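> Going down the list, the sequences are from chains A and B.
So that you can map any letter, position 224 of the first sequence is 224 in the working numbering, and since no number is skipped, the others follow by simple counting.
Residues are numbered in the working numbering as their position in the second sequence, beginning at 1, plus a constant of 1000.
Some hints could be false.
[Stated by the list, open to error] In the DSSO-like style, the derived pairs of lysine-lysine whose C-alpha atoms are separated by at most 30 Å in a straight line are:
id	chain 1	residue 1	chain 2	residue 2
1	B	K1027	B	K1056
2	B	K1132	A	K194
3	B	K1048	A	K183
4	B	K1110	A	K194
Please keep in mind that the hints were generated in silico from the structure rather than gathered at the bench.
Just so it is clear, the structure is predicted and the values come from calculations on it, not from any experiment.
Residue-level listing of the chains:
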Amino acid sequence: MNETKNCQQTGERLEKFLDGELTPQQEQLVKEELANCGTCRVKYEQVSRLRALVREVYVEEVRRADLEDLLPGVLRSIKNRPPSLKARFADWLERYRIGLASPVAPIGVAATVAVAIIAATLIYATNSSPDGSTRSIAPTVAESSSPSGPADAVVNPGVVSDLAKAVAKTPRRPRHEERPFRKNETYITYYNAKSGTVVVDADPDGEDPTVVWHFDDEGGTVQEENKI
Amino acid sequence: MRMRWVPILVFLFMLPSMVWAGEPEVKFRVTVLLATAQGDHVDPQIGKRIREYLAKSFGARYSSFRQLDTRVLRVALDKTGEMLLPDQSTLGLRFRDIHGEFVKLTMTIKDLQTTIRIRNGGLFFQAGHRYKNGILVLAISATLEGGPPPAGEGKLSPTRPEPRPAATIRNPRTRAIEPAVK
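Chain B on its own, in the form it takes in the complex (with noise of 0.2 Å):
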């Protein structure tokens, strides 16, 4: 047996474990901040992204917004990242799939649970529950590594065939209320 082939099979017989170990999973930045409605400040600590949405979602009815905590949760494929939240209650972000460009993850909190498709590097919120003088937000955004890359800002949809959750077939109105079932 020839020396010079043997890191060349070495190499060739762990690629596939290289490849495998590639799995993808997701990085949840989950921000923790209290909003309440006795005056105006927001924390400087929040994230410039996160502040856009501060007015537009939660303006009408609180103006103070302050960081409590923030935390990045790195999950993989079928498994849950937990974080403990300032009111004793567990977070929970389960990995569920890959839908194109989409993540589709389940998250627990309290007694709510719920499975979202959000758009890889999207952000969305979850508020209401009380917290002191005011409710908690937490601004959570998941993006995909060791997948595909989110697509730039602005352009067109690459041509994947797109993503049809059950709720968006009829009207985009209608895609975040339908009531679904187990």
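The shape of chain A in the complex, shown without the other chains (with noise of 0.2 Å):
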């Protein structure tokens, strides 16, 4: 009765003990009574065996199984899903350090750098002043303002008498940003003419365009007529 119970026992803890799910106690246990009983011994066999076929069926038809037209369907279905946004940037990432990581990269940030620094010198030489220390362009040419130096040019009298009126009168010269734009704003800063006479006539606002006249003889009444 005793042998038959641990029988009993023993058939119902076969397949955990085939699948190793027992304690070491009950394990100890069933092999114990696999070595002393024979009919416990039989049954282990049955299902060792049963088992065992079971398992053979299921590879061949795992084997059987056509897995080249299950493949296709998967891969299109995968294909056509779209990259997700963070799959794009970690693509993206990716790319770029190998980018970086290249051996050019160094020489395109030193081409960029100098790039920068001759376009912004460029446009801070285009936008300086003529009176700021800057300036880059062209080199200016020093131009002697000074009225005591001696005049190539034929000057006449009434105009210096005019200007020496008009130093004595200085207004206020407005500062630019008050001052008006003027289309035709024009200063004579030198003038040099072997023979005849030069008579510059300008529009004191700058308006009118400037008439630099030049006379090859004395030149008449023309020279009286216009406003100096």
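Both chains come to you apart, so use the hints to assemble them.
Put into structure tokens, the structure is as follows:
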């Protein structure tokens, strides 16, 4: 009876024994029972054989399954699904990292910095004022404005007199922010005539064009008629 | 070396030369007119802008204006553009410098040589040389190309420092008649 009870207990535990799911004590009991009981050993062999048979059938069935029919469908569905933003970003990062790691990258960075410096210098030079000390597009030709120097041009005495009066009554020159745009504003900074007479007719408002008269001879009435 | 860097590098190395290629030049538009006291005909060929000033600047003595020639000279910095005038003399215009919104040029014609600073886009006249039964009047406008654009008419000047030609510091009237010395 006791033996029968042990056999029954062992029979119930055989599945778990084969799966290795018993506690060490239970496993030890099953092993002892199998060593001592022929009925239990027969039962164990039957169960073992059955499990081996089932495993073989399963493997065979899997082998027979036509995976080639299944795979294209799976691949197609993967391919049709757009990559996620995260995946794309990760891909971009990866490529960027590789790009920076390339040996040409430092040259590119250096060239970019050089170009930026050149462009900034040019823009600064172009925008700087004639009074500024940083101007560099072209050297400024020094011009003397000293009225005491020897004048090559023939100057009308009346003009000189006018000049002296004007200098005496110098109005406050408006700051350039206050001064309106003068479309034909012109300054004659130097002139030299080997012969003849030079008269400059300038609009003080800078609106009308300046006329640089040069008369081959004394000029006659034309010179007198034009405002100085 | 990755091939994708090649066009970028080529562009970067060409960029400085492209920037330099944008050097400023001045477009001088020279209109040659014959002004006479006979009749009161104004050539319709004469541009509206010039015609507007003819009566103001020359109307006291001359009443008839005929356009003889018109040319555009594009002159680079420190270069001189020349054209032959009807009286066989040569007009030379040298682009000297840029001063803020002003273009500095030297005009050479016959015995006269003068240095002028003119507002970018501005117009001035040279007149007085006898030709046929009147005088030659040259209307010369100077417009900077490849540099800062001319300021809008009627607007206040931008906040750039003002150019200070020596003669204008004292009085606007004196600016044009100072016998400057080289």
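> Now tell me, hint by hint, if it's right for this structure.
Evaluation of the provided hints:
1. Between B:K1027 and B:K1056 the alpha-carbon distance is near 25 Å, which keeps this suggested pair within the 30 Å criterion.
2. The suggested pairing of B:K1132 with A:K194 holds, with an alpha-carbon distance near 23 Å, which does not exceed 30 Å.
3. Our distance criterion of 30 Å between C-alpha atoms is met by B:K1048 and A:K183, whose separation comes to about 15 Å.
4. A distance of roughly 9 Å separates the Cα atoms of B:K1110 and A:K194; the hinted pair therefore holds under the 30 Å criterion.
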